[in-house]
Amino acid sequence: MKSLTLAAGLSVIATLANAETLTVYAPDYFGSEWGPGPAIKTAFEADCDCTIEFITGDVLPRLTLEGERTKADAVIGLNTDVTAKARALGLFAPHGQDTSGLTMPVDWQDETFLPFNWGQTAFIYDNTKITDAPTSFDALLDAPDDLKIVIQDPRSSISGLALMLWVKAIYGDEAEGAWEKLAPKIVTVTKGWSESYGMFTDGEADMVLSYTTSPAYHIIAEDDMTKSAAIFDEGHYFMVEVAAQLSTSDQPELAQKFMDFILSEEFQTIIPEGNWSFPAKLDASKMPEKFGLLNLPEKTLFYSETEAEALRAPALEEWQRALSQ
Amino acid sequence: MLCLTLGTLAAVLMRAERGAGFGPGDWQALRFTLWQALWSAALSIACAIPVARALARRQFRGRGVLITLLGAPFILPTLVAVLGLVAVFGRNGPLNAALAGLGLPEVSIYGPWGVVLAHVFFNMPLAVRLLLQGWLAIPAERFRLAASLGFGPRQMIRHIEWPMLRATAPGAALVIFAICLTSFAVALALGGGPRATTVELAIYQAFRFDVDLGKAAQLASVQFALAGAAALLALRLSQQVTFGAGLDGTVARWDASGRGHRALDAFWLILAAGFLLLPLGAVVLRGLPGLTELPPVVWWSLWRSLWVALLSTALVLTLSLPLAVMATGKRGAWVEVLSTLAIAASPLVIGTGLYLMVFPFIWPGDVALIITALVNAALALPFALRSLLPQARSLAEDYGRLSASLQITGWPLWRWVILPRLRRPLGFAAGLTAALSMGDLGVIALFADPDRATLPLQMYRLMGAYRIEAASAAALLLLSASLALFWAFDMGGRANAGP
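The listed protein sequences derive, respectively, from chains E and V.
Using my numbering, the letters of the first sequence map in sequence onto residues 1 to 325.
Using my numbering, the letters of the second sequence map in sequence onto residues 1 to 499.
Same shape as in the complex, but just chain E:
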C-alpha cells in the first residue's frame, strides 16, 4: 500500500516535471509577434509535454551578467560576431548534432554553436529608380558621389559590423582607402538596421545596407517587386545566427530535445518567411517558390569567429579614421 502511494506520488512529480518550462534567451526580434519565435514555440510544444518561454533582450550581456546562476536552458539568435565572447563564458554544452548536411555556403564544424539560419549582407535599391546598379564593390566606390547610401554603425549594430568585415575581406590593407572613397556617398550612419531601412523607404538614400533576402519580404508580403539587392562580383559577407544549450541547465534533456529540433524540417521551414532569411538545413525544393526570384551572389566571404574577433578592433579604428575626415 505504502509503495503504491509512493509510486502514485512519484508519477505525479514526474508529470509535473514533464510539464516544465524550457527557458530560451533570444534577441527581441526573435520572440516578437512578427519574428519566428511564436511559430517555433507552437511546433516544439506540439511534440512535447512542455512549454518554451522566450526571454528576449540582449542575449550576450544578459548571460554575462547572470553567469552560472542564469535561468536559461538554451539560447538562440547569437551572431558569430559575438560567439567568441560567449564561448569564453564557458557556460555551454555541445549541441550533439551532425552538421555535415547543412545548406550553407560555408563549412560548419562548431560543436557548441549550432547554426539555424543565415544570410548575406547586400545593398538594397529601388529598381524603378536605379537601372544600372553597381555590379561590384569597386563599381560602388567609383560611382558618382550623388549615389547616396545609408549604413549602420559597426559599434552598435550587427549588420554594420558585417559591412565593416565585408570591406575588410575584399580590400584587406586597402580597407581604409575604400572607406574614404565610400565616405562622400554615405548620407548617414544609423544606430540600427530599422532607422536605416526607414530612411531608405522614405527616399532619403538610393541604397541601404541590408540583406540579400530583404526583397523577399516585399515580394511575398507586399507583392512589391521594386526592391532588389545589388550583387557584387567580389562576393558578399556571410552572416549566421546560432543556438546553443547551457551546461548549467536543470533541464538538460529538454534542452537537448530543442537542439535536436533546430535542424528538423519542421523548424527549418518556418525560417524563410518567419525570419526572412535562409534556413541552415533545408532542401531548395522545400523553399517558398518566390525565394527563387531573389538575386543571389555566387561568392561568399566569411571570417571565422577568431579571425573576426582579431580584426574587429583595428578595423574599427580604420573605419573611424576614414569616416572622420
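Treat the hints with care, since some could be wrong.
Covered stretches of chain E (in silico footprint by chain V; criterion: 3 or more residues with CB under 8 Å from a CB of chain V, positions within the stretch not fixed) [what the hints assert, rightly or not]: (1) 22–34; (2) 149–157; (3) 198–211; (4) 250–260.
Calculated directly from the structure, the hints in this document are not laboratory data.
Glycine included, C-beta positions come from ideal geometry on N, C-alpha and C.
With chain E held as given, fit chain V onto it using these hints.
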C-alpha cells in the same frame, strides 16, 4: 532617486572586472558630446525666449492648443522624431524641394549641425514651457504697476523680464545640456558618421559588444561629472528674484501693443510652429494609412503603456512635491544638483544596475512593468522638480511669513496655500511625466519578455520586421496617446488659473 542613479552605477562598478581605459575615440566622443550639448542648450534657450514671450503676452484663439502641441516634440520617442525631421528637412523633404524649386542649393540635415537641430527640435519645447511658466508667474499687479509708471518695452525688460530670465533660464539651459549629454540614437542617425559620436554610444558599445562593465561605468561617471559641474555652474549663474505676492489675476500687457511688437511676436510664433509642427504633421501623415490595420497586440501594448505612465505619474507627484518644498529650505541647492545628475544618468547603466540588484532575488521579467514605471519616474522627476522649483521658492518667500503668522501648517497649508499656487506647474509636471513615460523605451528592453511589451517597444519590433506602415501607425498612436495624457494633466493644472 539616489539609489536609482548613483546606486545602479555602483552596482555596475561592483560587478566590473576591468576597464579598458580611454582610447582616442573616447576623447573625441567626449569632445563632441560637450560641443553638441552646449550648442543645443544655448540655441534652444535663445529660440525659446522670444517664443515664450510671445505666448505670454498675446491672447488669441487656439493659444491653449498651440501651447500643448508645441510641447509635443519633447515627448516623442527618438526614432519617430528623427523620421519626422527627416521627412521635412531631409534630402527628399519639402524644404529641399522648395529650395530646389527656387534654384537654391540643397540643405543637409546630416552632420554635427543636424544633431544640434534635432536637439533644438526636441528640447526647445521644454525651454518654452519652463520660460513661459516664469512669465506667467509674474503677478499681474507688477505689470499694472509698470504700466502706471509708464514703462516702455525696454524698461519692462530691464526691471521685470530680465530678472525673471536670470532666475529661470540657467536652470532650463542646464536641464537641456544634461539631456543632450546622454543623446545617442539621434546623434547617430543625423550625425552622418563617427565624427558625431557621443559618450552614450561608447557606453552602449562597451556594454553590448565588449561586455566591459568597467568601461561602461567609467564613461557613465564622466557623464555624471559633467552634469554635476554644469549644475553647480547654473546654480551660481541663476539669481533668485521675487516679485512679491500677487492676487493671481490675468496679465494685460500695455507695453507691447505696438504694431512692431505684434509683428515680432507673430513672426516668432509662426516660425516656431512651422519648425516644431511640420515634422509632427509628417508623423501623422505617415501613420494614418496603417492605423486601421494595426494588430490587436499593439492595442494591448498601448494599454500596458498607459498603465506604466499613470503609475510613474503618481510616483513623481508623491515624490516631487515634498522634494520641491524641501528644496526651498537651507540646503535646497543640493536637491537641484542631485536631480540634474539623474537627467544625465545613462538609461543603459540604470537598467543594468537594477538588473544586477534585482536578479538574485526575483526574476526580472516578472517585475518589468513596475521597474519601468519606477525608472521612468526617476528620469522624469528632475523635470517635474525643475518646473515646480521656481514657484515653490517664491511661494516660500511670499507666503511663508504670512502663513507662519497665521499659524497655518499641515494639511490646511497644503490645501489653501501650496497646492492652489503650484497647480499650474504641478499639472505640467504630471503631464510631462505621463507623456515621457509613455514614449520612453528606457529600460524595458532589458527586462521585457515578449508578452509584456510597451507601445514604443512594439513599434520598434514592427519596424525591425519590415512592417514600416504598421510601425508608422503605432508611432502615430504613441504620439496621440502621449499628447492626450499630457493635455489632460496640463489642462487639469490650468483650470481656473487664468491664461
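Contradicted hints - numbers only: 4
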